[in-house]
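Undergrad: Each number in this note's numbering comes from the position in the sequence shown (counting from 1) with 257 added on.
Calculated from the structure, these hints are not laboratory results.
Note that the coordinates shown come from a computational prediction; the quantities given were computed from them, not determined experimentally.
One thing to keep in mind: the hints can contain errors.
To be verified - Calculated cross-link-like contacts (lysine-lysine; reagent style DSS-like; alpha-carbon spacing at most 30 angstroms):
1. Lys-299 x Lys-415
2. Lys-392 x Lys-423
3. Lys-475 x Lys-423
4. Lys-345 x Lys-356
5. Lys-299 x Lys-263
6. Lys-400 x Lys-265
7. Lys-392 x Lys-265
8. Lys-415 x Lys-265
9. Lys-362 x Lys-299
10. Lys-475 x Lys-400
11. Lys-415 x Lys-475
12. Lys-265 x Lys-299
13. Lys-265 x Lys-362
14. Lys-263 x Lys-423
15. Lys-263 x Lys-415
16. Lys-362 x Lys-400
17. Lys-265 x Lys-423
18. Lys-263 x Lys-356
Stated by the list, open to error - For each label pair, taking beta carbons as the anchor points, the in silico distance ranges come out as:
19. Ala-297 x Trp-445: 14 to 24 angstroms
20. Gln-466 x Gly-308: 47 to 57 angstroms
21. Ser-366 x Glu-462: 43 to 53 angstroms
22. Lys-392 x Ala-297: 14 to 24 angstroms
23. Ser-366 x Glu-436: 32 to 42 angstroms
24. Arg-458 x Glu-396: 37 to 47 angstroms
25. Gly-360 x Glu-462: 43 to 53 angstroms
26. Lys-345 x Ser-461: 33 to 43 angstroms
27. Glu-470 x Lys-362: 21 to 31 angstroms
28. Asp-290 x His-459: 37 to 47 angstroms
29. Gly-288 x Asn-353: 47 to 57 angstroms
No residue lacks a Cβ here, since even glycine has one placed at the ideal position from N, Cα and C.
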Amino acid sequence: MIISHKYKYIFLKTRKTAGTSIEISLSRFCGEDDIITPIAPKDEAIRQELGVFPQNYDNYTRPLELGEEQLKDNPNLGVVQESQLTTKFWNHIPANKIKQRIGPKIWNSYFKFCFVRNPWDRAISRYYWSFHQIKSLDESLRKYNLNVNFNTYTIDGKVAVDYIGKYESLMEDLAYACEQLGIPFDKWLPRAKGDSRKDRRHYSEVLTQEEAEYIREKCAAEIELFGYEF
258 MIISHKYKYI FLKTRKTAGT SIEISLSRFC GEDDIITPIA PKDEAIRQEL GVFPQNYDNY
318 TRPLELGEEQ LKDNPNLGVV QESQLTTKFW NHIPANKIKQ RIGPKIWNSY FKFCFVRNPW
378 DRAISRYYWS FHQIKSLDES LRKYNLNVNF NTYTIDGKVA VDYIGKYESL MEDLAYACEQ
438 LGIPFDKWLP RAKGDSRKDR RHYSEVLTQE EAEYIREKCA AEIELFGYEF
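Sequences are here, hints too, so could you generate the full structure?
TA: Written out as structure tokens, the structure is:
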């Protein structure tokens with residue numbers, strides 16, 4: 258996840274949508290005040306070779322906004338000073354948590370974007386990524402929240418971001434987002450986590466009819482929103 262004050266954007270990191278690769282690439286253009294959350298050690302090594310590291314994600318502070326003065330007496334909010342709140346950001350933090358932490362002024366004025374992926378294809382990718390832990394595809398489908406991405410970029414069931422790109426047109430859509438923000442994107446993306454999947458068959462050749470319908474049911478809102486088909 259990235260919050261860039263330099264370019265005034267928030268990149269929400271969804272799962273199995275090349276989010277780590279996007280984050281590493283965008284990190285190159287971040288300023289010293291921008292928020293960059295940590296990623297897995299193996300992927301962090303790629304970013305470190307570029308001279309970029311996680312920053313400002315822990316103990317983030319912001320001034321209280323108008324109407325928030327009453328919050329300073331709430332011990333559950335981790336107030337460190339009368340004029341500041343302290344909080345923490347993480348890799349796949351959802352929209353409602355980001356908005357809560359940065360406040361409505363930044364949330365409403367920054368360009369917020371993320372990426373989605375065909376839910377059937379994403380479910381297969383998730384399975385192969387966790388294959389060392391779960392050997393059964395059916396178990397993988399039942400264990401993990403298949404709708405987690407929808408819950409990342411929505412608040413109360415409504416889309417809360419300004420732009421949603423598709424994994425299926427990743428480079429084109431990312432270039433568009435960067436163009437809107439004035440980021441000098443050079444179309445470079447590392448292949449982070451790219452070696453976790455050995456079986457490259459199309460998801461329709463892997464999923465049973467029952468498994469496909471289960472995914473359709475769990476991801477109905479996202480499928481309808483983006484017109485995905487099996």
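Undergrad: Evaluate each hint against the coordinates.
TA: For each hint, the structure was consulted:
Between Lys-299 and Lys-415, the direct Cα distance comes to roughly 34 angstroms. Violation of the 30 angstroms bound is thereby established for this hinted pair. For the suggested pair Lys-392 and Lys-423, the alpha carbons sit about 28 angstroms apart, so the restraint of at most 30 angstroms is met. Proximity of Lys-475 to Lys-423 is assessed by CA-CA distance (about 19 angstroms); at most 30 angstroms being required, the pair is judged to hold. A C-alpha spacing of about 12 angstroms is found between Lys-345 and Lys-356, which places the hinted pair at or below 30 angstroms, so the restraint holds.
Proposed proximity of Lys-299 and Lys-263 is supported: the alpha carbons are some 27 angstroms apart, at most 30 angstroms. Taking the CA atoms of Lys-400 and Lys-265, the gap is near 36 angstroms; set against the 30 angstroms cutoff, the hint is violated. Taking the CA atoms of Lys-392 and Lys-265, the gap is about 42 angstroms. The hint is violated against a cut of 30 angstroms. Restraint check for Lys-415 and Lys-265: the C-alpha separation of about 22 angstroms stays at or below 30 angstroms, so the hint holds.
Note on Lys-362 and Lys-299: the hinted pairing is violated, with a Cα-Cα distance of about 35 angstroms set against a maximum of 30 angstroms. Note on Lys-475 and Lys-400: the hinted pairing holds, with a Cα-Cα distance of about 12 angstroms set against a maximum of 30 angstroms. Between the alpha carbons of Lys-415 and Lys-475 the distance comes to roughly 17 angstroms, so the proposed pair stays at or under 30 angstroms and holds. Taking the CA atoms of Lys-265 and Lys-299, the gap is near 28 angstroms; set against the 30 angstroms cutoff, the hint holds.
For the given pair, Lys-265 sits about 12 angstroms from Lys-362 by alpha-carbon distance, which is consistent with the 30 angstroms threshold. For the given pair, Lys-263 sits about 25 angstroms from Lys-423 by alpha-carbon distance, which is consistent with the 30 angstroms threshold. Of the pairs offered as hints, the one joining Lys-263 and Lys-415 holds, with about 28 angstroms between alpha carbons and a cut-off of 30 angstroms not exceeded. Among the hinted pairs, Lys-362 with Lys-400 is inconsistent with the structure: their alpha-carbon atoms are about 37 angstroms apart, more than 30 angstroms.
A C-alpha spacing of about 21 angstroms is found between Lys-265 and Lys-423, which places the hinted pair at or below 30 angstroms, so the restraint holds. Restraint check for Lys-263 and Lys-356: the C-alpha separation of about 18 angstroms stays at or below 30 angstroms, so the hint holds. Range check, Ala-297 to Trp-445: about 20 angstroms between beta-carbon atoms, so the 14 to 24 angstroms window is met. The hint said 47 to 57 angstroms for the Cβ distance between Gln-466 and Gly-308, and at roughly 49 angstroms that hint holds.
As the Cβ distance of Ser-366 to Glu-462 is approximately 46 angstroms, the hint placing it in 43 to 53 angstroms holds. Evaluation of the 14 to 24 angstroms hint for Lys-392 and Ala-297 yields a pass: the beta carbon distance comes to about 21 angstroms. Our hint of 32 to 42 angstroms for Ser-366 and Glu-436 is violated, since their Cβ atoms are close to 19 angstroms apart. The hinted range of 37 to 47 angstroms is not satisfied by Arg-458 and Glu-396, whose Cβ atoms lie roughly 19 angstroms apart.
Under the hint 43 to 53 angstroms, the C-beta atoms of Gly-360 and Glu-462, about 47 angstroms apart, fit the expected range. A hinted range of 33 to 43 angstroms holds for the C-beta pair Lys-345 and Ser-461, which are about 41 angstroms apart. Hint check: Glu-470 to Lys-362, Cβ distance near 44 angstroms, so the stated range 21 to 31 angstroms is violated. At about 44 angstroms, the CB distance of Asp-290 to His-459 agrees with the hint of 37 to 47 angstroms.
For Gly-288 paired with Asn-353, a C-beta distance near 26 angstroms fails the hint of 47 to 57 angstroms.
Comparing the model with each earlier hint shows violations of hints 1, 6, 7, 9, 16, 23, 24, 27 and 29; every other hint is respected.
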